[in-house]
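Chains as they are written, first to last, in the numbering used here: chain B, 1 to 673; chain F, 674 to 883; chain P, 884 to 1253; chain S, 1254 to 1445.
A hint or two may mislead.
Computed list of lysine to aspartate or glutamate pairs in EDC-like fashion (alpha-carbon distance at most 16 Å, straight line) [stated by the list, open to error]:
#	chain 1	residue 1	chain 2	residue 2
1	B	K127	B	E144
2	S	K1287	B	E426
3	F	K719	B	E476
4	B	K21	B	E232
5	F	K735	B	E483
6	F	K719	B	E147
7	B	K466	F	D848
8	S	K1286	S	E1385
9	B	K174	B	D291
10	F	K801	B	E492
11	B	K466	B	E431
Just a sample of chain B residues kept apart from chain S, beta carbon distances all over 10 Å, derived [as the list claims (entries may be wrong)]:
#	residue
12	C81
13	E144
14	T179
15	K250
16	S292
17	H451
18	A505
By construction, these hints were calculated from the structure, which means they are not laboratory data. Glycine included, every Cβ here is placed at the ideal spot set by N, Cα and C.
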Amino acid sequence: MNATFMHTFIRPLAILYPMAKRWLHRFHGGVFPQTYKSLSLKHPIKSTPIPERLILPVKQLSGQKVAWHVAVGDTVQKNQCLVRAAKENKKGIIVPIHAPTSGVIHAIEMRPLPHPSGLNALSIIIKPDFKDSALNNALNVNGEVPETPQQLKDILLNAGIVGLGGAGFPTFAKLPNQTGIINTLIMNGAECEPFITCDDVLMQTHAQDILKGAVMIAQILGIPSIICGIEENKPAAIQAMNAAAKRLTKKTSQINITIQTLPAVYPMGGEKQLIQELTGIEIPAKTHAIDSGLLVFNVATFAAIFKAITLGEPLTQRLVTVAGLGLKHSYNTYALLGTPFLTLANAGQPTHSIQDPLIMGGPMMGFQVADNHVPVIKTTNCILVQPPKPATEIMVMPCIRCGECMDACPVNLLPQQMFWHSQAHEFDKVEKLNIFDCIECGCCSYVCPSHIPLVQFYRHAKSEIKHNHAEQQAAELAKQRHEFRLARIEREKQEREARIKAKKAAVKKQAQKPSDASSAKSAAMKAAAARAAAKRATQQESKQEIEQSAQADEISQNSPPPLSARQKAIDTAKKQAAAKVGSKVAPNKDPRTSAKQAAKKAAAMAAAKRRAQTSLKNDSNVTAPKTEAKTDSNANPTQTTEHSKQTMNDKRTQAMEAAKKRAAERKAQQESP
Amino acid sequence: MEGWFISITAAILIFVGLAIVFGLLLGYAAIRFKVEGNPMAEQIDKVLPQTQCGQCTFPGCKPYAEALAKGETEVNLCVPGGTDTMILISEITGLEPKEMENTEAEHKPKETAFIDEDVCIGCVLCIKACPVDAILGATKLMHTVIQSECTGCDKCAPVCPVDCIDMRPPSVSIDNWQWPEPKTKLESSLEITLKQNSNLLIKNQKGEIK
Amino acid sequence: MSPLTPQSSPLSSPFAHNNQSVRQLMFKVQLAVIPALLVHIYLFGFGIVIQWVLAFATLLVVEFTMLKLRNRPVRPFITDMSAMITATVLVFCIPAGAPWWIIVSGTAFALIFGKHIYGGLGYNPFNPAMLGYAFLLLSFPVQMTQWTAPTEILDYAVSFTNSLHLIFTGNLPQAALGANLDMISAATPLSQLQIGLTQGQGVTESLTPIALEAQTHYQNGSVINGFFYSTAQFFSLNSWAWVNVAFLIGGLWLLAVRAIRWQYPVGFLSSLSLISFIFYTIDPNTYPPVDFMLLSGGTMLAAFFIITDPVTSSTTPKGRFIFACGIGILVYVIRTWGIFPDGITFAVLLMNIAVPLIDQYTQPRVYGHK
Amino acid sequence: MQEYVLILISTVLVNNFVLVKFLGLCPFMGVSKKTDAALGMGLATTFVLTLSSVLSYIIYSYLLQPFGLEYLQTIAFILAIAAVVGFTEMAVHKTSPTLYQVLGIYLPLITTNCAVLGVALLNVTENNNFLESAFFGFGAAVGFTLVMVLFASLRERIDASDVPAPFKGAPIALITAGLMSMAFMGFGGMVH
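Just need the whole structure built from these sequences, with the hints factored in.
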């Protein structure tokens, strides 16, 4: 149906039936909260002084290392790189951090993060010198547009650019490696959260920069069309962007730039919702926009990209909206990263002294910070200052299944059912209702007549489901490891039995050949008699020699039970840790294990054969290596006993003695040939 | 006299006949639908927490599952699994659910073993005790626990001669932080009411009144 | 609860709300009943007001006691007005002149067994008002069919005091009308039809008295009567149909303010129309016409006020439609072949049973899923 | 043809064995905690009921009646039912071990499900012929399955409700069953 017809028809209808506005956009649901955007729009961009201290949290993911470029006490200049991901990280999704102003590294310590948990993170504290002396072209760019995607990605990584819309995913990691994969570049100018105007202001003032940044990316990645979606409640921004687009199109005719006006509805700024609105494409579940040939960035990200490519400036400041009903003077400002929230909030003439937690982000998706001194980070688009809560709060009523939340959900979930099962802790059912498609936009809670904190229920359910899955996997792993261990113990038992059997057989044999035994005994007992052994060795066939060398190998490789057990445990542990979950660790009937077992058995047989030629005492020593006394009494233990003793010794002194003795024996053996 | 006799004979014959027919049918079914192994043990093993802690007095989770499948033991012996596991077991086996004897162990957060590496003398006793081979180390060398593979069974701590192993809950970081379950205003107002009658009522986790 | 859950809980987003509440929603539903109430008073006398006051008093006592027993906060749950709707619907279902203990026991049963025993608001699987009505219908069938005749048929308006007397003593005062209960009671169109059909009459024949009522009355007197008369002539509406029309008006307003969803009335009325149209076309002498089906008994009350109860109906869009269609078909089946003249109660209860299953199999397609 | 349809409607809805005749309440309460289990139980019962209904008809009219042994019908029917249940149990154990686990003790208890014996005996009293017996048994079983599944899904919902402590579990289930039975009275008088 004709869009303009729809508009002319539905607009008047919306006066009678407000929810008719939902028919104006393509995605399901949505809500229309009061926006309060004029609060901060009526003032120009305010300049705020450099704060006393800047706090720069270093994002550390488990298992990722960072390389420090500075230490406490160092003097730094603006734009200087402070810390970046260490080279050895395979998944380098940590972007570098640059100094937002010149000064001294005051400390590197734990500070609270702007995160709902209020947890601490390692942070660099800079004491500014208020000179703000900057490194020019800190990124070493030549001002030219890079030619390959890889070059572009390098610049973006070095500039520390992340998505400035909210999620904060590193921009370079989002880009494809080849040209021609993306067919549409989408600029997200839909700022649907109430109160926030930073993107609006940026588009009004820097439309040219934003579009140039977009055109650069389009040129490098070979993207034929750029669409910019802006909501209809930002007429000034639409005008500025249209003007800039007209100017640019003259220069770059091969790229098609469209500025599209969108209906004002929350959450239009959600990536998937914006894509659906602009292109009609639904991103299939568990895939990303890039898999559908789309690339989406916030307008502020484009401006930052433009600065990085042309001026070599890293991301050290951003436009932040400081607004709220608790302020007399809401404003937008270029805030240095690391500026404490409270400093910015106090600059807006609060109506009351700020006691309640400030909110980072808008009222729909923001979160309360645990400490009002947390710093501005790259994803801080808004600091919301709300007046103190009234004493009487509305009580949470039970869910009456009215379905308002379902009608408001932009991804068409069943929030009421998800809540029902979350509340009853039936998390498997919650998962079946596709809870992981929930974007936590807050529409459901916004419309809930029972005032249920639905989003928090989903967040809890999500983490609980993840936790349960992890536990299941851990249990599975533990089961496999336990079974493997049991199999190993069983195998060792069998091996021991086999060895004992072999030995018994050997003893019998020796009993039948006493002369041989005595000669072997003498050979083993006396160093001098080694010559006799050598003589016998020469007499023996070459085959025997090979066998003996194999035996030596076996000894060095396959040490007796306890040590081998531990080594194997270590091996498997390492392997399993590497293979991690999912990869099926073969249980006891592993071909590798059985091969080893076979090898061991063969080796044991070989050992038995060999032992048949060595002394009886020596044999008995091998069978009962635990008895220290015997080891001591043994005049000439071979290397086999040496190993077994080593493993079985627990007491230091005994080990020392044994070592001494072994040294002596080795000497003797070396002498013998 | 005669009719009476015939009717008795007929009845006996008919029932013998029926019995033979049904007996043959069931006999055939027993051969045709013979089931190998005991799938129940497998199923029970799946719901057990696999800590291999041996608190059930069996050497591991699997032996306990097998014993349960044979109906040789009680359903309430799995301490780490707690009441939830007990209920699952009773549902699988069809045995009557029983109260857990050791209730204080329930809802105890999962802990993992830590070895104080300064104290460790390298005796390998804990390595031998570990049911899942999660401890690394060699004789007279310091040992360490592979955290991701420790089940928290607490078998290593008692055997340590120098008491260098203790069980610690996992540390909270941004990566594993969880949103808490919201406390609705209804529940909090309930709590106030309940506090007033606290000598009469006990409130459990979900806000039900016992 | 996992060990990673911190002790102090942060408040989650969103920090904004559209200021709607359960109470407002219920209040809107309550308001929408007023047209029907006024029409009912005008056409059937003040009996319904007395019944309503009785029901209200009962609900206050029952709600207070149950909430205290269940140890739940009393004020927010008594003022949420959900019990009021239950009571109001029940009042419209029972005869206006029924003895006082009918409405009292019905309301008490509805609230105790229909609602509080399942955990109160939001948890009850059965529509409480319909449970209460079914309980009354099965326990006191005689009293429940003593319908007051419309004022116009009687040519005599039962006064307020007479109604009071009737409700509390079960009879009219000696002074009025020779105190014959039968004189003021009459069969509703649906029971009229049922009686007629069982006596071997055709549909038109059975409904003649009702049609006459619509045609011949409202002649005398005031402007309102004139209005009723002219429209009644045009649409051939009887008194019972008038009440239904009033419910329809209130219901349309509810739809406009989004207090109820369109799937319920549309699904219910369309399925009921369709099935009655089919059977009427097959045999017009045995099966009543569509407009009769839609404007008799509690059809409009059900379409906009009973089946729209969100707690006990299906909650998915498709599910709501299926739920409503199911009720429409069951209503027709029970009205036509069952022993109860109006099948709405049982149709609603039967579909209530099926709600969890309907919900399970009518999940909408989630964004990004095929 | 019409009479078979009527038998089906009558046994499934109007004279539902569980909610109107109150037969087979043991599995109705016992296996209705989970919808899957209820469906499995319903299907197993459907199989047993249909088969035993036919089998008991055959035994009655070809073995007992000709020899005037009608007085032995109960014993003979129980014998037939037990055999069919035994057979079903083995078949389910082999073909669907999970269902076998889920049904647990209730599978052999189909033997003592009074609905099964009830159908066999009612066939005799109502003088049903072979096909009528089959339809009667099948309809009864479908009605049983239907209310089992509906009841189980309701119970799953009630389990997550804030039911007052004294009514948790079996009491509220029994009340719900009673109310369901009330709702089924709406079908009253349709088919005799």
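Hints versus structure:
no., hint, result
1, B:K127 to B:E144, "violated, 35 Å"
2, S:K1287 to B:E426, "holds, 13 Å"
3, F:K719 to B:E476, "holds, 8 Å"
4, B:K21 to B:E232, "holds, 13 Å"
5, F:K735 to B:E483, "holds, 9 Å"
6, F:K719 to B:E147, "violated, 56 Å"
7, B:K466 to F:D848, "holds, 12 Å"
8, S:K1286 to S:E1385, "violated, 33 Å"
9, B:K174 to B:D291, "holds, 11 Å"
10, F:K801 to B:E492, "holds, 14 Å"
11, B:K466 to B:E431, "holds, 10 Å"
12, C81, "holds, 54 Å"
13, E144, "holds, 63 Å"
14, T179, "holds, 52 Å"
15, K250, "holds, 64 Å"
16, S292, "holds, 37 Å"
17, H451, "holds, 17 Å"
18, A505, "holds, 48 Å"
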